[in-house]
Amino acid sequence: MGRIAAAYNWFDERTAIRSLIRKGLYEAVPVRGAWFYTLGSATLVLILLQLITGIFLTLLYVPSVTEAWASLHYLTQHDAFGAIVRGIHLWSAYILLFVIGLHMIRTFFSGSYKRPRELNWVTGVGLFVLVLAMAITGAFLPWDQAAYWTAVVVTNIAVYTPFIGSFLRALWRGADTVGPTTLSRTFGIHVWLIPAILFPLIGAHLALLRKHGEFGSYVNYRGAYRSREGVDVPPAPKQRPIEPPYPAVPTDELWAAPLETEDFYPHQTFKDGVVSAGLVILVFILAVAIGAPLEAVADPATTSYTPVPEWFFLPLDELLLLVPQQLIPLVLVLPTGGVLLLLALPFIDRDPERNPFERPAVMVPGAFAVLFVVILTLLGSGRLFNL
Amino acid sequence: MAHRDPRRLSRRQFALLGTQVAGAAVTVLLGIPIVGFILSPLFRGQQAVWREVGDIGGVPDRQPTKFEVSFPLGEWTSANVKLAVYVVKINTDYRIFSNVCTHMECPVRWEDSLRQFLCPCHGGLYDMNGNNVGGPPPKPLPQYVHRIEGTTLFVQNRFTESV
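In order, the protein sequences belong to chains A and B.
To convert, note that position 61 of the first sequence is 61 in the working numbering; the numbers rise steadily by one, no gaps.
For the working numbering, count along the second sequence from 1 and bump the result up by 387.
These aren't lab readings, by the way, just hints derived from the structure by calculation.
None of the values given here were measured: they were computed from a predicted structure.
We put the CB at the ideal spot given by N, CA and C, even for glycine.
Footprint (simulated), chain B over chain A, 3 or more residues, beta carbon under 8 angstroms:
hint	segment
1	146 to 155
2	164 to 172
3	296 to 304
4	311 to 324
Starting from the given sequences, assemble the full structure and let the hints guide the process.
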């Protein structure tokens, strides 16, 4: 036995690393449609990109209203690599929001949230909300004009909460108006509070994924072939080569195990790797070619600056414009209700049917909700950028 | 089997109770200062200060004019923050407006072509008297607490009505 193998055995005896790696790599995943199942790993890769670049940005950034802009201005003007790191942080955040949205839409249309994977979906909705919260709090930090007015408008939305509105707004701002405490608090929320919840939740999301296995979509299951192609019952599902039993709690024999599976490693990791590397390359190109903008330093006394929200805030900003003064709390009620509805989805829609064409009662409202957000975004961008 | 007196704690019950009491003590001892720390700025209130805005003798009649005024930025910093003040003179009467929109606190500006204050964010409109006359703003423009000595304007860092 070679020295390396001996060292590995020594280590394995003390840590059980071999079985951990085996368990991590040799999971059976459905074959058909596997490119769609790369969206989750792409989301994870982009979040890790955020973590790494975010940690390094704190080595220079100063979370103070008198220093924040100047520290980033220095970074942008005098440190080419620092500017790239900041560019990666911004562009991977933008692309992350897209990819996590696609991941959620894929899960929704494939019915993957159904029993026994309800809590995979619930943790996923939690992660989606936390990623949005990261995007919004991150937008405050550069303390340029865009950041300052985003901070003002976003924290001000809280004031329309019934009964405790001004309390909530002051709690976030640390005062009645946006100022030094707002920046300190938002920085702490962005770098500590949300990640401290986000990363354990990612762990739970992945643990549940491994417990129940990748669902895939209806095309991976027996009945689906029959109804789509009119052929007889195809051969029984192949025995999954690797433990644990798949899934832990079979809900319905039809949806218990995919027809055809292959090992996660290297088949799915290849697809995951191609998509993730492609996205990282795209992020890098955008970071170098466009970078992260930094407008003039925050000026609360301006009467010439027109605040333009971040693109992911456009649907809400368009609602702010459209909702008449008597109904402003709708701007809070609609997103809150939307999130609650998403959390409740697997408990409302409990029919085991996964074929999206057989589930119009869920697909049609879902498609309209996506369309509603897209239309608001288009209206907002048309208004603000004269498209 | 010997009978146990049900009124007496078993060894197991005692350990369980002890664990719960210890956990509760740690939660309370940590929780009180942390929650208090987060909430404390809300109860300190803002210290009212007077600041000189400048000479408003030259402000034309019915022509809202922008001034700037510096207020303390925060409690623990000596830095100041500059805010915009719109002085509106109607005959002999002065009104001193903040340019903070009552909808989402965006920076309102006087648009001479409209003869109205316009909020660039969501199209809120206010007339010369600060009344919200169009768009989503739910209230009139806030007015600063102020005093005029001769032609010199002083304002306080608070509004006449809480917004």
